[in-house]
Amino acid sequence: MIPPSFDYVAPKTLPEAVALLGQHADAKVLAGGHSLIPLMRFRLASPAVLVDINRIDGLSYIREEDGWLKIGAMTREAELERSALITEKYPLLADTTRMVADPLVRNMATLGGNLAHADPANDHPAAMLAYGAQVVAIGPNGQRTIPIAEFFVGPFTTVLEHNEILTEIRIPAHKPGDGGCYLKVERKVGDYATAAVAVQVTLDGNGSCASIGIGLTNVGLTPIRATAAEEALRGKSPDDDHIRQAARLAAEAAEPESDRRGSEEYKRALVRTLTARALHKAIARARGGQR
Amino acid sequence: MSTHHIKVTVNGEIKEADVEARTLLVHFIRENLNLTGTHIGCDTTSCGACTVHLDGRPVKSCTMFAVQADGGQVRTVEGLAQNGKLHPIQEGFHQMHGLQCGFCTPGMMMTAVALLEQNPNPSEDEIRWGISGNLCRCTGYVNIVKAVQYAAEKMKAQ
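Protein chains in written order, with the working numbering: chain A, 1 to 291; chain B, 1 to 158.
This is chain B alone, in the form it adopts within the complex (with noise of 0.2 angstroms):
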């Protein structure tokens, strides 16, 4: 069993850990860094509520091991508002209904903005093959691709 040094830049902060090689990404993020904004859905890599970005790609954070985001950058949740002001994806969630329990929206938005970020003109197909990794017990997405929609209307005019 080896143990490693890590150093990942999160949210734009450098963190450094000692870390099993075992230790999930995700559980890095949640119990060493006390970030709990990413969920742990399904844990078989189905359903994406555990969705960060490492270098600017949404990847499911169940799926790796913190040990290869070692000198790389990660985004959650919790580094889409600045400033105290809500990222457009949230505020999107926020006014077209975008969320029932909320359990997947973490995940659910860290996609999209990869999305838009890529695409920031997106069709409606386009956002729902985008989302596709991502799944929602509650909505039937319909609000969820609204809140995209509103998001990317206000990317745009920023």
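Isolated chain A, as found in the complex (with noise of 0.2 angstroms):
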């Protein structure tokens, strides 16, 4: 399958990017180009010009500055998988990043292209709903920052003008009492998730909920996060009461359709025991348990 013709433009800068795609009303950024591509190929999406940002330098990169772990928008996936800093600190990463496709893709696809696309399907959005991330974009206006919770807001829709490129992921930086888990089913290696859940938890001082944050994937328009739940456990004592109910909640949140991955019902009941488990597992790890 071949994809319809277009006009293909690869800057060396970001101003020059955000430029062309001002210029060009039928642009379309080309970043890892693994969920843009097989869209082009099956004529889902025949942009008339593609901007590829994988010349830019200077967007791959994953360091901790400020309170923040700052990544790279164009920062692939396998670096991700390979970070010794995010294997070690940010459990809920490491394991997000794990499930996302299969081996050959994560050496092309990006952190910036999973969320910029916002498939409700892709893992990294309930993680950094989790985590209550930021993202900084670029456009003709400069840079602006924008809180996760406020990033998408319909499938495959964020809030990103057509002329803003995606340039930094911000999580907030590990600190003592963090833990983090993401717990994925799908069919097989490569599908996106029937469900999936990322849970981000710090302990207090007496090992109560001082933080907490749970996202779901692929149950919804957009990913969701399970507020309610997190309502249940904030503050408390994450026993196994508290995680039941949070768990129900998290269920009551999801919003599943039935498809061919399984039944609505099944989908929510998926939602209910993963998301237990993820906090089980979240929990361990904040107490500097398994990893």
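A few of these clues could be false.
Unchecked claim - Not the full set, but computed from the structure, chain A residues with beta-carbon under 8 angstroms of chain B:
#1 I2
#2 F6
#3 D7
#4 I37
#5 L39
#6 D52
Calculated from the structure, these hints are not laboratory results. Beta carbons: idealized from backbone N, C-alpha and C, even for Gly.
The two chains are supplied separately, each in an independent frame; assemble them into the complex guided by the hints.
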């Protein structure tokens, strides 16, 4: 399958890329391309112009700075997977990256692309909701920072303007008492989630949940933040009763549709089970237990 | 519709061509360069039959444009054997019966070579994880894993 014809440009700087997007109403940004190129091959997308940002320097990095873990938007999944910093201190992100597609796709696919594409089936959006991350975008009027909770507005739709480019993802820097976990049920390697759950927790000195984030993948039109489930745990001891209650509330927050991956009922049951398991694992990690 | 003059080093030789922007890397390899060892399987970024190395990393060549490889280094299955001598991974697939129909084999071998270059001593789990983006519908993978283990031993001995 060959995509429809288009013009290809590979600017060397972000301002050039932003200007090109401004000049062409029907332009798309090409990052890792592993969502966009299949769409073009199926002719579900037919942009007139592709603005390839792979040749712009300085968009691939992983560093802790000013209380944030800052990740360049063009950082490949494989680089996240190999990062000792992420493996050691950001288990939710490490878990999530390893569940994105397959190892070959992860050599090209980027964190920024996974978020900006805004497919509710993508894995990173729920993890970023659980982290309470921010994203940075650049446009003709300069740079702006967007809380991830405001980023996704619908299926394949974000608050980014046509001529804005996602440049950086910021995750609150690791602190003692942090733990996280991403659990996904997929039919086979490379498939989208039937359902998946992201949990990020911080335990205080008494072992209570000082902060808690729970994100759900592919059980709604956008990634879902399970706020009622979070509320059931915030400030509380994460004992079995509270975890069970949070898991039930997460299942209620899910809005799945029946499809070839399973019925609505099955997916809700999955969300309940995965939430409970992910909470247990995230809490064990926060206590300095299992990796 | 833009066309682009690209220069790509393929298996150590510089190749130049004018390509349409929409020309996929796999089509450039198969149709411009006549290197038909790289296969097109699923056409949907699932199967890995089209796996080649781009700047040392295994990628699905059906899911990138040839123009994206401009200035880069590509290695295909034809680049594995040197001076008429099979690469250890090719020998491994031969010795351990790692193929039946053979359609997935070139991609499987390119992924395995990249895995062994990064991790010369992989466990069985690491091999299975490493090749999880390459589908085989014949072997059940058992002999593919054995072939990769054979190559790992052979490459360590060299």
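Consistency of the hints with the structure:
1. I2: holds (6 angstroms)
2. F6: holds (6 angstroms)
3. D7: This interface hint holds because 4 angstroms falls under the 8 angstroms limit.
4. I37: Holds. Min distance 5 angstroms.
5. L39: violated (11 angstroms)
6. D52: Hint on A:D52: holds, closest Cβ of chain B at ~7 angstroms, below 8 angstroms.
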